[in-house]
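Asks: Sequence:
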Amino acid sequence: MIEIISHPVFAALCELKNLQVLALGFNNLSGIIPPCLGNLTSLKILDLSSNRLEGDISSFQIFNLKDLKLIDLTDNLFEGLFSFYSIANFTNLEGLMLSNLEVQTQYSQDWLPTFQLKVLVLSKCKFYNIPQFLAYQTKVRVIDLSHNNLNGIFPNWLFENNTKLEFLSLRNNSLTGQFHLSSNSSYVMRSIDISDNHLHGELQPNLGDLFSKARELNLSSNAFEGHIPFSIGHMPELHYLDLSNNMLSGEIATTLVGLANFSNLVILAASNNKLYGQIPNSINMTSLMSLQLSGNRITGNLSSWISYYPSFSNLDISDNHITGGIPPSIGNQSNISQMELNMAGNELEGRIPSELARLNLLYLDLSHNFLSGPIPSFFNSPSLQHFNLEGNRLTGSIPESLFNFSKLLTLNIRDNLLSSHIPSSIGALSNLRVLLLSRNSLGGLIPDQMCQLNELGILDLSDNLFSGPIPRCFGNISFGKLTLSEFGYQSLLRYDDNGFIIVEIRANLLYSFSLFFSLNIEYGKREKIGFVTKTRPSIYEGRILEMMSGLDLSCNKLTGEIPAEFGTLSSIHALNLSHNQLRGFIPTTFANLRQIESLDLSHNKLSGEIPSKLIGLTFLSYFNVAYNNLSGRLPNMDWQFQTFDSKSYEGNPFLCGHPLRSCNVIHDIPQVAPSNTDMSEEKWYHIDPLSFTASFMGSYLVFLVAFALVLYINPGWRRMLFMFIENLIDECYFLVFYTVPKLFATLYK
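Here the sequence shown is numbered in our numbering, starting from 20 and rising by one per residue.
Worth double-checking, as some hints may not be accurate.
What the hints assert, rightly or not - Calculated cross-link-like contacts (lysine-lysine; reagent style DSSO-like; alpha-carbon spacing at most 27 angstroms):
| hint | residue 1 | residue 2 |
| --- | --- | --- |
| 1 | Lys36 | Lys85 |
| 2 | Lys183 | Lys85 |
| 3 | Lys145 | Lys158 |
Keep in mind that the hints were calculated from the coordinates and are not lab data.
Turn these sequences into a full structure, and let the hints guide you.
Replies: The following block contains the structure:
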């Protein structure tokens, strides 16, 4: 990293009085912008984007350079409030690019700009209103106001005022109203992204005619309803169409046939709408690589159409009502270099066909169907990164062929009927980040080879039949923050030799944006991982998944002690060892779990005291050691421990201190742990057969000895006992030989 203000090169730059272009973007610069840059009065182009520059933007001397044509300060660490007053006297400004700043958009009505912008980028600038001066701009070609808090009615006037507008992004704001433009206007738009707002109503019928030159149209995540206009089929240059997450309706076959002229369409996304019916077996979208129709009401079976779409590299038809089996013809797409296939949440049945082995899969999700039989052992996809078969009826053992995927990041085969054990070859998955095997019938020992999965962030082996000790080497697994790919900003501008700005909305650039963000697997963005923490199942995705880490070994038959090595898992957020047969003490090394939020050790046979150093776990919000054999005084009710009630400690009769009984008062022994052999009955008592038998026999012998001793010492009591026994014998004799025969004779008559 280069400290800009102290570097001699930048001191020399300040002496170049005739310098017109200063482009230092993407150079890992840090520190404060040197004030002397404000002396470069001939400067026309200033690009300091994508560095780590700091300081209060309102005090920058560069805003004294009134002849600037381009200011690009995107992706830095500036602070303070930027006001458009600072550029009020600029006369030649054509490009202003800022991001991650707080921008003041309101100003006096009597201020009118003397410049005409061509490019305005104010992404992630925390403002609520569209800048007022835009109402006086008529030559803008690029507007990016995405990821702000814009509210109010959608600004249709931006299109009317700027007839040369080519690129518009208002993504991720809070704009309302309808998206209706004048039918008398002609637009040269190449890219429109108004996704993630609150727009509603029907799409105007001539929408495709208005934007006939567009290559990218993103209307997703709004509240649009009605049918998809057939005029969208009149956009011959369209490469990317995203209508997902709306309330659009209609028959899917009619919709796709209406878009049949899309010979250049590469990506079609219409997920999470109200489209219904069967996918047609023939459409004229010869370039289509990505079809995303998840979350609709599509019916039928795959065999009627899948073989007619041989060029897919991305197919997402999850969460529909598709029935039948997976046809062997799916293997016809073997010519695709890398393929993503998502058929989760349907009603598919039968076995997984061997023809899937022909596909070079990057992503495969067949979860939550009715698939049966064993997991195929024929998979040979060296590029596979995400593999999900959760929630089916798969049987047999885990095939060792699964562990040949060296690039695998997530493996989810939980909630099936799998048995046997975990193969020792699992250690070959050196890049694995998430492993979910819970809710099966897997048993045996947990293999030590799992400790070779150094990159694991989430491991769930709960609800199985694993036995034996917990491998101590688990302490060597990271269980920390996952390293995910980051994608930076790419400039839409270039400069000519004379230092003048040229706006270049390149078709191939927009095309690459679309493919980059829609086709590539972005781990943590597309993947949704379910994991139980704090007794609640939660779904983790995006940045939350990126930061999540946890280990769940609950509901097995694990024995032995909790390894002290677990104390090295300093980045773990959730640890669940409950409902096992673990013995010994709670390791004092748990005090090193500084990031832990959920710790469940309940329903075991742990003994000893709760380590007092655990009160230093300041992020701990769920703590449960109920139903063990713990004893002694509870830790002081400081920090997080003051939020835990008696339910966290119940079933430990020898624990005392708030919120349990006082350590100075003796009470009757309360309930103890329920038996691990029958957890379903949840009894409040527990009987040890050996202890009960010994106690009963001892008490019985003591009573007999004491009774005989009393009779031996007192002759009067001895005579009374013999008389009582003699009378009891006489009564029994009379009952048997007189009363009973008389009773039968009476009943016979």
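Asks: Each hint should be assessed against the structure and marked as holding or not.
Replies: Hint check:
no.	hint	verdict
1	Lys36 x Lys85	holds (15 angstroms)
2	Lys183 x Lys85	holds (26 angstroms)
3	Lys145 x Lys158	holds (25 angstroms)
Of the hints listed earlier, there is not a single one the structure fails to meet.
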